[in-house]
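**Q** Chain residues, written in single-letter form:
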Amino acid sequence: MSGGADVTQVRVGESAAPPSRTGWRAVRALYSGNARIVVIRGLLATRTSNWVVVVSGFFEPVFFLLAMGVGLGTYIGDVELPGGEQVSYAAFIAPALLAVSAMNGAVYDSTWNVFFKLRFAKLYQTMLTTRLGPLDVALGEICYALLRGVAYAAGFLVVMQLMGLNGSWTALAALPAVVLIAFAFASVGMAVTSYMKTFQQMDWINFVMLPMFLFSATFYPITVYPEAIQWLIKVLPLWHAVELVRGLTLGVADTMTLVHVGYFLVMIGLGLVFATSRLRALFQD
Amino acid sequence: MPQTSPEPVIRARGLTKTYGAFTAVDAIDFDVAPGESFGLLGPNGAGKSTTMRMISAVSRRTAGELSVLGLDPETHGPEIRSQLGVVPQEDNLDTELTARDNLVLYGRYFGLSRAVCRERAEELLAFAQLQDKAGAKADDLSGGMKRRLTIARGLMNTPQIFMLDEPTTGLDPQARHVLWDRLFRLKEQGTTLVITTHYMDEAEQLCDRLIVVDKGSIMAEGSPAELIRRYSSREVLEVRFGSDRNAAAAEEVAAIGRLAERVEVLPDRLLVYTPDGEGALERVVERGLRPTTSLVRRSSLEDVFLRLTGRSLVD
Ligand SMILES: Nc1ncnc2c1ncn2[C@@H]1O[C@H](COP(=O)(O)OP(=O)(O)O)[C@@H](O)[C@H]1O
Ligand SMILES: [Mg+2]
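Residue numbers (the working numbering), protein chains in the order written: chain A, 1 to 285; chain B, 1001 to 1315.
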């Protein structure tokens, strides 16, 4: 290693910058087509989780529906939709609670649980020493995170049907809509969490979620707000989720439905891009 | 390197990693031959883990050349990672899963089929002497067992190069010996091993050849025996005079002549590098010095490190 020829090579090596990572190879470096195994790992670990907590998450929106929709609803009477249709108060808030349960399940698994795996269990660090790429890990974890939200929502949709709160056959389409919503919230949840370093920062997520839950036209029509506030609400994802699901379960879907779907597709795209690049920066740099 | 030697499986030239203004690895050159057991010996902060991470394609080099199995980690990260077994410095087992599932899932991260992974997991549980613990949660294993499981996990993809970062740090002596035995078997089977350690006995046990690193630079390179021959004497006489008198005694000891090739003053003792330890001790006593304790031993890599850097390896 001390020969003259080697010394020349050292000089060459020192001046040469590493080659850049661009093009097709760069894409393949991100994804090995094996996100499925990341989902399987999540399911295996779930076997040992606290089932009381998991099951209680299903009942939360059901309690809200009974207390507010049925209880409070007897005082409130019917609600008039923008198109002039009258629906019961319970039928008005049920789709909102459906969207909220999809959101909550997805956000819980894509924030707190991801934070733990990222910062403490070092799970992603381990995964990224294997053939898996950052997109495999991000996509797999997001898909796993949306499962809980979708399971809660599917259960809730059955409750709505039993209580006669679905006004149209289009309520069937609420299920794929809920998958889309959970996917979008899980993507953004994972992306945001990947930038978090402390528990205090994680608390900000709750700080954003609660007002969004209360004010996104969940419990009353958005028309109660002055116009400026209405616009602010319409920027938030939960409003789009509530409107999308409400249109489907009450059978009043219109062209805005496509706007909502587009909104969530953009959320999914952005979430995946940021989560993937952040994982790469954290563990493969 | 002689012309006849086979293509190295790892080749680094001017390999450098900087974090901001700080240089963690400073233009190092080395080759690792196939089937070789190669060591990086150095104190904490020497840049060993950083070097390992660059080879494993999870950390990008700042400058220099690096080739692993003929591929550049910068452009062929996934291909390299799939051929490498990695045992990181910290056990990062999947604490929510059983020992067996840790192995099976890890194999499947490489895209291997479930049947292959199950079979291999059983073999490796036996190799790591963990059959009894197959169904236990990884979190509930002892430190030594966790380390063995991490090593077994690193072998799930039948790697061409096995990278071990401080495999026995933090383990009790008995657990270390069990581990060394397992690593020795791998070496006998012809697996290329790259091992970092700050234990000289570990380096002597496991490494055919090693580089001594300090502050990101290579201080010396060779087999353990070569390094000892080149940088130390055959034997070492350790004498203690009490901490306040060691420095004064050092001059007297150095005056014994040919038998004291070099004298190192440590806070608690003197090290006399000598071809003949007993002879040197006689001379010391003849000069009227009365050490409170004395010990003659063979030179070790610890002495090599002290000679090269003026500091001891483990602080
Ligand atoms: N991600 C990092 N950012 C900044 N400094 C780092 C980082 N990783 C390692 N270092 C520094 O680089 C030096 C070498 O670290 P390391 O390779 O872990 O040493 P070793 O494994 O030999 O103990 C240390 O001083 C460490 O603090
Ligand atoms: Mg280290």
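Treat the hints loosely; a few may be bogus.
Think about it this way: if two alpha-carbon atoms lie no more than 27 Å apart in a straight line, the pair counts; the simulated DSS-like pairs of lysine-lysine are [to be verified]: (1) A/Lys122 to B/Lys1133; (2) B/Lys1133 to B/Lys1215; (3) A/Lys122 to A/Lys197; (4) A/Lys234 to B/Lys1137.
Pulled a few chain B residues facing chain A out of the computed Cβ check, cut under 7 Å [what the hints assert, rightly or not]: (5) Leu1071; (6) Thr1075; (7) Gly1077; (8) Pro1078; (9) Val1086; (10) Phe1110; (11) Gly1111; (12) Arg1114; (13) Arg1118; (14) Glu1119; (15) Thr1293.
Simulated from the structure, these hints should not be mistaken for laboratory data.
Cβ coordinates follow ideal geometry from the N, Cα and C atoms, glycine included.
**Q** Please work out if A/Lys122 and B/Lys1133 have their alpha carbons no farther apart than 27 Å.
**A** holds, 23 Å
**Q** With a cut-off of 7 Å on the beta carbons, see whether B/Gly1077 makes it to chain A.
**A** This hint holds: B/Gly1077 lies near chain A, its Cβ roughly 5 Å from the closest one there, short of 7 Å.
**Q** With 7 Å as the cut and Cβ atoms as the points, is B/Leu1071 at the interface with chain A?
**A** violated, 11 Å
**Q** Interface hint check: B/Val1086, Cβ to nearest Cβ on chain A, cutoff 7 Å. Holds or violated?
**A** Since chain A brings a Cβ to about 5 Å from B/Val1086, closer than 7 Å, the hint holds.
**Q** Take the shortest C-beta to C-beta distance between B/Pro1078 and chain A; is it under 7 Å?
**A** Check passed: Cβ of B/Pro1078 comes within 6 Å of chain A, closer than 7 Å.
**Q** Go through the hint on B/Glu1119 and say holds or violated, using the shortest Cβ distance to chain A against 7 Å.
**A** violated, 17 Å
**Q** If you draw a straight line from the CA of B/Lys1133 to the CA of B/Lys1215, is it 27 Å or shorter?
**A** violated, 40 Å
**Q** For the pair supplied as a hint, A/Lys122 and A/Lys197, is the alpha-carbon distance within the 27 Å limit?
**A** holds, 13 Å
**Q** Holds or violated: is there a CB of chain A closer than 7 Å to the CB of B/Thr1293?
**A** Violated, about 41 Å.
**Q** So, as I understand it, the hint says B/Arg1114 touches chain A; can you test that by seeing if any CB pair is closer than 7 Å?
**A** violated, 9 Å
**Q** Given the hinted pair A/Lys234 and B/Lys1137, is their Cα-Cα distance within 27 Å?
**A** violated, 47 Å
**Q** Please verify that hint: B/Thr1075, Cβ, nearest Cβ of chain A, below 7 Å or not.
**A** holds, 6 Å
When each numbered hint is compared with the structure, violations occur for hints 2, 4, 5, 12, 13, 14 and 15.
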